[in-house]
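Trainee: Below, each chain spelled out in residue letters.
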Amino acid sequence: MSFVPGQPVTAVVERVEIQKLRQGENLILGFSIGGGIDQDPGQNPFSEDKSDKGIYVTRISPKGPADLAGLKIGDKIMQVNGWDMTMVTHDQARKKLTKKKEDVVRLLVTRKSLEEAVKHSKGCYPKP
Amino acid sequence: MRVIFNCSKIDSLRSKVDLLRLPLALSTKSISNCKSQLGVVWDKGGLGTGVARKLRPPPITDMDNESTYSGYSYKSSHSRSSRKHRERRDRHRSKNRDGSIRGEKSVVIQAPGESLLDADSPREDDRDDNWGETTTVVTGTSVDSISNEDLTQLSKDSEDSSALECRRYISPALGAILGFVSLITPLAFLALPQLLWRDSLDPCGMPCEGLYISLAFKLLILLISTWALFLRLPRATLPRFFVFRCLLLALVFLFVAETDYRGIVGYAASLVDALLFIQYLALVLLEVRHLQPAFSLKVVRSTDGVSRFYNVGHLSIQRAAVWVLDQYYSDFPVYNPALLNLPKSILTKKMSAFKVYNLGEDNSTNNSTGQSRAMIAAAARRRDNSHNEYYYEEAEVERKVRKRKARLVVAVEEAFTHIKRHQQEDAVTSSPKHPREVMDPREAAQAIFAPMARAMQKYLRATRQQTYHSMESIISHLQFCITHNMTPKAFLERYLVPGPTLQYLDSNRGRQWTLVSEEPVTASLCQGHVFSLRRLDLSLIVTVTPLPFLHIAEEFIDPKSHKFVMKLQSETSV
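Chains as they are written, first to last, in the numbering used here: chain A, 415 to 542; chain B, 512 to 1085.
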């Protein structure tokens, strides 16, 4: 998931759609994020490449909306409702996720196991 | 308190017995050889008590085939009376009667100050320390000159002569004469023509006056620098500049009748210039070169491993040896032979329990090494638990010492609270009620010594220092501390920490050291040299390593370049 500046980033992503849950006045998604271009990437426990400044899922509340939608801890969020999440600050990411007017967020997330699954499945099929 | 008096009496009696005992066989051949070649002379200035003690028959050894003793003997005796006369730097040639020079040179160094240790050495120390106490032994033999010596004679450090007591004064005297003569040669240049050929001289006008003035000042500077340099280094300048000065002296007499007086005065002025430059050269070569550190000397004491590092400049080995000894007396803690490495109980257990049987082999030469190797291998394989005992025993000893130290500190603190300084104005207030007895420091010390005496005695025994401090010395130290308003802690520092050897020296008597080195002792220090300074009971091994060459690079840091960023890792729940 490391990137070369100036080159397009390719990743295998999964679409996750989370319905926001209303708790009193707030709409919560039930997970926590970490990372951002203004943060220290070396302390990210989930990233493979310690210079990756992307947004990662650091915690999932059990039985929360994110958990039910299939979001896993350690996922890197690539897009939120079409907005890019690979080159944003931590606060910008938070804002994109917590817009009061939206009650559903569609995320594109990537994780290592996805890559491997694709590779694995590629390997099984004979090449045309 | 009575018990303690008896103990101290016994200690003093024991030391007397040691002193009066006749010398037994000496442990090292070199020392015995030294002794055989030594004449017994009086200490400089007649200090020291030793009349009767010196009458000892020298051991009967053949001095001709002595391998360690040859070469120069270096006599350094310290005259405490005047610091300016660094007579320690006197070098005297020791001439060997058989005239052969071995590879290993040993030099005898006489340093002043005798340790209290020798007087109170423990009884199991059988060696003959006592002869060194009062006899300032000097070498009476000489070396014949060989090519090596001729070379070294031209170097700055090697004026050696056979050393009797009075000869030590000859070198400064000779140097003084030469210096004086070199000072008056320019004046002679000026005066003699006036006296002898007054009539035929051309009159000399103003330029002469100028030359006179400059000559006068230069002579003054020469005089001062000669005194300053020369009286501190009585021997060193002589070899090198002896020839030059003699030449100058000769010039006075090789005087050609000259009518040009101004030329003569100019000549005298340039003569004085030359002398001044010689002084400058001497200063640079002998002092400045020695000051800049170039070598690091590691000095290790052989008996207990205490080591120090010193930085010195380019010195000869004998100068370095003297310098090291100077530092030794003030830096090294006093050597206490009572503090051994391992208690005997542990060492004896290390003896192997294996018996090795010789099955009648013929090659007896290989047998011993094979046997010992087998034993060593067997001992190594056997599980050795003596380190355990050593560990526990050491912990036990340390605990005991700490306990006694705590008791001592408490006792001393309490004792010091019993007295206080008597102020004059107190006399008015206290006299009607109870007249306090006013004591002088000695009585005060004796009064408060009683409660702490026992604790002190036990502590000294625990740290094996009891031979160094007699009751008398403790009381006088206490008196000293009271007089100077010292706290109990200041009083105790003398006993809690083993002080430098200098503290225990009796400055009246001389101390004999032997310099043993494989290189000639007047050679300059070089990397990898090892020489040692031996006394009877210990020796100092000195290793020379050059100081590392430093590459110091420069880097400029703009003060505005100090910027910082926060290392954040925040987690937000959405």
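Derived by calculation from the structure, the hints in this document are not laboratory data.
Take these hints with a grain of salt, some might be off.
[Stated by the list, open to error] Using C-beta positions, here's what the derived DEER-type ranges look like:
#1 A/PRO476 <-> B/LEU1079: 26 to 32 angstroms
#2 B/GLU909 <-> A/GLY488: 51 to 57 angstroms
#3 A/MET501 <-> B/SER1072: 53 to 59 angstroms
#4 A/MET501 <-> B/ALA1064: 48 to 54 angstroms
Glycine included, C-beta positions come from ideal geometry on N, C-alpha and C.
Trainee: All hints, please: hold or fail.
Mentor: Here's how the hints hold up against the structure:
no. : hint                                       : in the structure
1   : A/PRO476 <-> B/LEU1079: 26 to 32 angstroms : 27 angstroms, holds
2   : B/GLU909 <-> A/GLY488: 51 to 57 angstroms  : 56 angstroms, holds
3   : A/MET501 <-> B/SER1072: 53 to 59 angstroms : 28 angstroms, violated
4   : A/MET501 <-> B/ALA1064: 48 to 54 angstroms : 41 angstroms, violated
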